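Peer 1: These are the residues of each chain, in order.
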Amino acid sequence: MTALPSFVLADQAGGARRFPPGAPAVLCFVKEDCPTSNMVVPLLEALYRALDGAARVWLVGQEAVGNALLVDRYRLTAPMLDDSALRVSYVYAVEIIPTLVLADGEGREQGRLVGYRKDEWQALFAAAARLAGRDGPAIDWDAYPDWRPGCGSRTLEPGIAERLQAESANGPLRARRIDIAPGDDEFEFMFDQGLTDGLPVVPPTPERVLRMLTGTRRDSQQVVAVVPPNMAPATVEKVAANAVMAGCKPAYLPVVIAALEAVCTDEFNIHGVMATTWGASPCIVVNGPIRARLGMNPGVQALGSGNRANATIGRALKLILRNIGGAKPGGVERSTLASPAKYTMCFPEAQEASPWEPLHVERGFEHTDSVVTVFALEGPRGIADQISRTGHALAASFGLALESVWHPKVRPYGDVLLVVCPEHAETLRQDGWSKARVRERIQAVAARPLCDVLRSDECGEGVPAGRWGPGGPNAEQLKTLVPKFAAAGNIHIVVAGGQAGKFSAIFGGWVGGPAGSMPVSRRIDE
Amino acid sequence: MTQIIDPTDERAPIRRALAPRPAALAGTLALLDISKPRGDVFLARLSERLRERLPGVAIKSYRKPTYTKPAPDALRQQIAAEAGFVIEALAD
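First to last, the protein sequences are chains A and B. Numbering that gives the first Met the number 0 numbers the first residue of the first sequence as 0 and each following residue consecutively. Numbering that gives the first Met the number 0 numbers the first residue of the second sequence as 0 and each following residue consecutively.
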């Protein structure tokens, strides 16, 4: 039998009652505004009088004024314990009033009844009398109904449940608490503490963090990732606190967790992405069914403002990197210019508008999986092509625009993201162009003869001549075409945007390959 | 009073004391090239000048495999074991 939690509560005379009391005990949780509680209080008084001395019969009331009313109304001599703080009701997991608990002399639970059923109550009263070694009370049970429903416990009322959970020693919150003085504006306080990205954040009160934690099945103390540069463990609780600050709903939390796991890999190398003087930042692309469930926006202004999920998931990741990882601008985050994408960059692919397999399927996941893919990218830049009506011509526009990424003469270059708008996607669909063909065309259009892209006094950046040995390239080599991208696979393609407008977009990257940052995908664990 | 959950890694603010400045440069000096373009040019010139001014000091050169990632543990340990001073060329 389970040992019941110990407690100390004051009775109506102000005396301290300690549980376990060293004798069998009957505890009944009641509240004055519950009709069934009012019905059973005289029964409990009768039980108290019959067993007093050999067993304890205590009422545990959930509301101070109501407790006093019950004592007066029924001229109670049985102890009425004040649990208006609800801590005992909470640790006893009381959900329905009345709840009747029978304990033996060692404080172990011998029986528990919820609500009122006459036969059950009769049996429990008889069991209590046996434990006490006394005769039970003489009660005219026929005067009582067979059954009455209970009422909801006050512990379950909105706001109270979260407070009790937050106060509980066994609750899921373990992080340090910070008190904001009553005279301080809590939003100004968050700025003053250096916890924000420059925009206001939602204060992560224990109640809000608890609500956020309902978005995941993971234990609050599980470490999601070790976050550079501080190499600090990010628990689910800490991730949830930052998600609250960013403005996330609890349902978004699994996406934030998956994105954090993805960036904190050696392949993605978030340390380098944050520290570089270049302006890259994590960009999250979401695929799969979760896009619709979260109400993400893959359509009009997909890469911009206006959608809560798009905006706050990306922002939560950045706040985690700042607050847990310690990457702060001017500290370890040292981009010369950066871009607005440093605040947030997250969007879902418009899979339904795409003529191709969506990104996550291309990267080895099932259609039915929900997946995040993270890229180290700059902010997006538009490519206008309102004239081309063939795949051949349109893909050339993509190639010409992509050639400028990082610097037109620098090659081979690593990963970029091309976001094809629905009208452009439709042109490519009608013309039967696969993604592979688009990539080939980009590589062909963006290729330049070596002589045009060598470092020179005319334009310092470019391909170093030393790659061809001490004498540099010969005349034949100078004519060879140098592709822009190390491999066609470095050109990642997704579809997004509104139905109207022949405007696609490109995102430049950072240093690609194993020494820099490579895209990483993670299944979202819902 | 509002209470919030600390969203940071809860590092106590630690103010680390600087190592005492040695009275003289002696023993071995490490020059660390982080692989940024032309860092090697800068360090080579620095090495020349230091050899002229400090003939009694041994100078050893080291190189990180890439500037984009922290130095590998083995390299940090090697430098700590072999040199008493480090000059690192940080940026191009």
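I should point out that these hints are in silico values taken from the structure, not numbers from a laboratory. Just so it is clear, the structure is predicted and the values come from calculations on it, not from any experiment. Among these hints, one or two may not hold up.
Stated by the list, open to error - For the chain A half of the interface with chain B, some residues (derived, Cβ under 8 Å), not all of them:
(1) P171
(2) L172
(3) L194
(4) L198
(5) V225
(6) N229
(7) G246
(8) V510
(9) M517
Cβ coordinates follow ideal geometry from the N, Cα and C atoms, glycine included.
Peer 1: For a quick check of understanding: which of the numbered hints are violated here, in increasing order?
Peer 2: 1, 4, 5, 7, 9
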